[in-house]
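K.L.:
Take a look at the letters that make up each chain.
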Amino acid sequence: MFKHITKYKTLALVKDQSSLFWTLFFPIVLTTVFYLAMSGLLSSDTYQFDPVTVAVVTEGAKQEDLEAFDSFLGYVGVPGTPGKDDGPLQADTDPQDAYIIYSKVEPEEAKVLLDKNQVYAYVEVGEVLSMTAKNALNSSTSLNGNILRALLERYAQIKNTMGSIEKLATTGAIQPGPELGEKIRKAFESDTGLQEEDCGTKKGDVLIYFFALLGYLTIFPMSSTIHSVAEVEANQSPRAARSWLAPYPKWKRFFAEILPIVVMYSLLIVIIYYYLGALGVDLGPRTGYILVLLLLGILTGIFMGTAVGSLFKGTTGIKSALSIGLPLAMGFFSGMMASVIRKLIKDSAPFMQKINPVSLVTEGLYSLYSYTSLDRYFEIIIRLGVFLVICIVLTIIGLRRSNYESI
Amino acid sequence: MQAEVRVRNLVKRYKDLVAVDHLDLEIQKGEIYGLLGPNGSGKTTLINCILSLLRYEKGEVEIFGEPMKPTAYHLKQDIGVVSQEPAVYNELSVYENIDYFCGLYVSDKTTRRRLVEEVIEFVQLGEFRKFRPKKLSGGLLRRLNLACGIAHKPRLIFLDEPTVAVDPQSRNRILEGILQLRDEGSTIVYTTHYMEEVEFLCDRISIMDRGKVLITGTSDEIKAISRSGETVRVETFGLDETHLKTIETLPPVESLEYDQTELVLKMKAKTNGLLDILNYFEHHDIPMTRISSKQPTLNDVFLEITGKELRDDV
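Protein sequences, first through last, are from chains A and B. One point on numbering: in my numbering, the residue at position 154 of the first sequence is 154, and numbering is uninterrupted. Add 1000 to a position in the second sequence, counting from 1, and you land on the number used in my numbering.
No lab work stands behind these hints, which were simulated from the structure alone. Worth double-checking, as some hints may not be accurate.
Unchecked claim - Stretches of chain A that chain B covers, calculated by requiring three or more beta carbons in the stretch to come under 8 angstroms of a beta carbon on chain B:
no.: 1; stretch: 231 to 241
no.: 2; stretch: 244 to 256
Said to hold, decoys possible - No more than 25 angstroms apart at the CA atoms, straight line, and that leaves these computed lysine to any residue pairs for SDA-like:
no.: 3; chain 1: B; residue 1: Lys1270; chain 2: B; residue 2: Phe1237
no.: 4; chain 1: B; residue 1: Lys1135; chain 2: A; residue 2: Ser19
no.: 5; chain 1: A; residue 1: Lys104; chain 2: A; residue 2: Ile158
no.: 6; chain 1: A; residue 1: Lys15; chain 2: B; residue 2: Phe1128
no.: 7; chain 1: B; residue 1: Lys1134; chain 2: A; residue 2: Thr32
no.: 8; chain 1: A; residue 1: Lys62; chain 2: A; residue 2: Gly74
no.: 9; chain 1: B; residue 1: Lys1029; chain 2: A; residue 2: Pro247
no.: 10; chain 1: A; residue 1: Lys3; chain 2: B; residue 2: Asp1078
no.: 11; chain 1: B; residue 1: Lys1130; chain 2: B; residue 2: Asp1108
no.: 12; chain 1: B; residue 1: Lys1135; chain 2: A; residue 2: Asp16
no.: 13; chain 1: B; residue 1: Lys1245; chain 2: B; residue 2: Tyr1280
no.: 14; chain 1: B; residue 1: Lys1015; chain 2: A; residue 2: Leu399
no.: 15; chain 1: A; residue 1: Lys7; chain 2: B; residue 2: Glu1118
no.: 16; chain 1: B; residue 1: Lys1069; chain 2: A; residue 2: Lys62
no.: 17; chain 1: A; residue 1: Lys15; chain 2: B; residue 2: Leu1141
All values reported here derive from a predicted model rather than from experimental measurement. In this text, a Cβ means the ideal position worked out from N, Cα and C, and glycines have one as well.
So that you can see chain A by itself, here it is in the shape it has in the complex (with noise of 0.2 angstroms):
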């Protein structure tokens, strides 16, 4: 019965028209505009950007730090020599990957380069790091601050965490590892900490349009799965009431209704994903890890339909006013429409990014793209699973009733 219920599912979802257009064609279409809309963005070669550059002062600093910090240089810089009449450092190596160029130098030495814009800023190395930088305000320079105070920030943060394995390894309570120098080097191999927007890199900010919009298309199910409860509760529609009169149980039936929408939503996805590519949009290699993300994306938009579905009894009209507001909002505060407002919620409401599962899947896809580490794509992967989980119990609340109060 189960398949019988399944085909007819299918048969009347691909017979409906109207339905057919928002399930296949609107998401299509939608994609079609973004890239229309933002291709000339993407093919553009501005987020390249030049290497900071920093005198280094290392006196009084102990050997150790000394170590360590030359560790995280040797991975995010190469050493450089201030230029000719009093012209900017000049990278002694060629800088292609560099983040810093950089030179060891007295205190009063970088004070002068400094003073002479030879430099952007000087760090004082020590037990704690400073950085004095002369035009930290300038919009214009800001960028190399922004780069700058992000890697020192990761530098501080992987050597505080091994400083504090190191203090355990010495009580004996776990083995001591590689020197905190090794450490540092393969911490800063696997990810420098460094996200686009510290880069300011126009691709990421255009890239994030994409994330959303995938986001925003793996919520958008709920649009389908919010109807298709009124299918299976007896007092939301008289053809539910009538196949609930059926000897067969509600459960099996609820799941024979949302099959044919999870493959159908679960192909459309893939396919989105590959049109998206065959446009030129790199989303980056990790193909599985996308689409596994995609697909968790795509059974919380279904439950999460049927979660609105099955506790809010309201009218047809009411639901597809929030089958359709809820993505597009959710998408909004993503940043699908602006990517300024995904910033201003990181900011302002971090919390709002962790309660959204479009912003979820578009942070997820962010950290794929961004990080070598996969530590913040687990991270999200978890919150998604505990949100999917979250609808199905709410789903499972609502759709518990064997009988009802009224019709």
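Mind docking chain B on chain A? Use the hints.
P.N.:
Same frame as chain A, but now just chain B:
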């Protein structure tokens, strides 16, 4: 004999409103049982309680001698329901709709195909089998709705006002079909507002109001309890006051009205006044052009029992 449906002391409340009030009911195998009542009298609520679709505060419901529960799937297997509002899929064709709902009861494809064909013939929708419901007229849609509810050949069928807003041809077809279902062995519970349908179809009738069954019996038994008797109409001109006063004193006459062309006489219950009136007119040589007599109808009894004030659905 074991009743197909037995309801004992059933109480269903919607907050302060008592929709079904300590109601008892028994429906015997093979009968067409009519549930009559004004809007909001509790007919549909009663059916939904019997089917366990609605929770109720008190009482017992048995179907085929077993307690009815939401999960009593073996009982549901033999029940068919045709709701007041058509419950079909607009995206599916007539054939697909019937096959879908029949498939909820019958999993064997060959049997199902046969049943679907039989019911399509039964409701005479053969030429519309590929039509979608939106393309069907009101009457055809009702017939499709009926087909979806009975395709699996249930032993017990609940028909909730299946002929509302249906043209006379479709209505006749539906009513004939219901009689045929009864003849094939099904027990039918039929709710309606139409008295003539009930008189035509039902073996027994219950009149419900305010959640209670006020009276149960055959159509004749119910009409027999009427407090009013037959109505005699005589077309006659220029009847004078003396004659009118004399006629009013005749033993079977309850009351009379005269408008100089027609005399309308309400007779006392359980009396036969037509002969007395004919004798009086003949004896006094009063000319009359037409005379007719009408016994009290189910409608008269219904209004007598439930009152004449207008009702609206709750």
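K.L.:
Confirm or reject each hint.
P.N.:
Hint check:
For the stretch 231 to 241 of chain A, the stated coverage by chain B is satisfied: 5 residues place a CB nearer than 8 angstroms to a CB of that chain, which reaches the threshold of 3. Coverage of the stretch 244 to 256 of chain A by chain B holds in this model, with 6 residues showing a Cβ closer than 8 angstroms to a Cβ of that chain against a need of three. A distance of roughly 29 angstroms separates the Cα atoms of Lys1270/B and Phe1237/B; the hinted pair therefore is violated under the 25 angstroms criterion. For the hint pairing Lys1135/B with Ser19/A, the CA-to-CA distance comes to about 19 angstroms; that is within 25 angstroms, so the pair holds.
Restraint check for Lys104/A and Ile158/A: satisfied, since their Cα atoms lie roughly 22 angstroms apart, inside the 25 angstroms limit. Between the alpha carbons of Lys15/A and Phe1128/B the distance comes to roughly 18 angstroms, so the proposed pair stays at or under 25 angstroms and holds. Annotation: proposed proximity of Lys1134/B to Thr32/A is violated, straight-line Cα distance about 34 angstroms (limit 25 angstroms). Restraint check for Lys62/A and Gly74/A: the C-alpha separation of about 18 angstroms stays at or below 25 angstroms, so the hint holds.
The hinted pair formed by Lys1029/B and Pro247/A meets the criterion: a straight-line CA distance of about 21 angstroms does not exceed 25 angstroms. Simply put, Lys3/A and Asp1078/B have alpha-carbon atoms about 22 angstroms apart, close enough for the 25 angstroms limit, and the pair holds. A distance of roughly 22 angstroms separates the Cα atoms of Lys1130/B and Asp1108/B; the hinted pair therefore holds under the 25 angstroms criterion. Taking the CA atoms of Lys1135/B and Asp16/A, the gap is near 15 angstroms; set against the 25 angstroms cutoff, the hint holds.
Between Lys1245/B and Tyr1280/B the alpha-carbon distance is near 13 angstroms, which keeps this suggested pair within the 25 angstroms criterion. A C-alpha spacing of about 22 angstroms is found between Lys1015/B and Leu399/A, which places the hinted pair at or below 25 angstroms, so the restraint holds. Pair hint Lys7/A plus Glu1118/B holds up; C-alpha atoms about 23 angstroms apart against a cutoff of 25 angstroms. Between Lys1069/B and Lys62/A the alpha-carbon distance is near 80 angstroms, which puts this suggested pair outside the 25 angstroms criterion.
The hinted pair formed by Lys15/A and Leu1141/B meets the criterion: a straight-line CA distance of about 19 angstroms does not exceed 25 angstroms.
Of the numbered hints listed earlier, those contradicted by the structure are 3, 7, 16.
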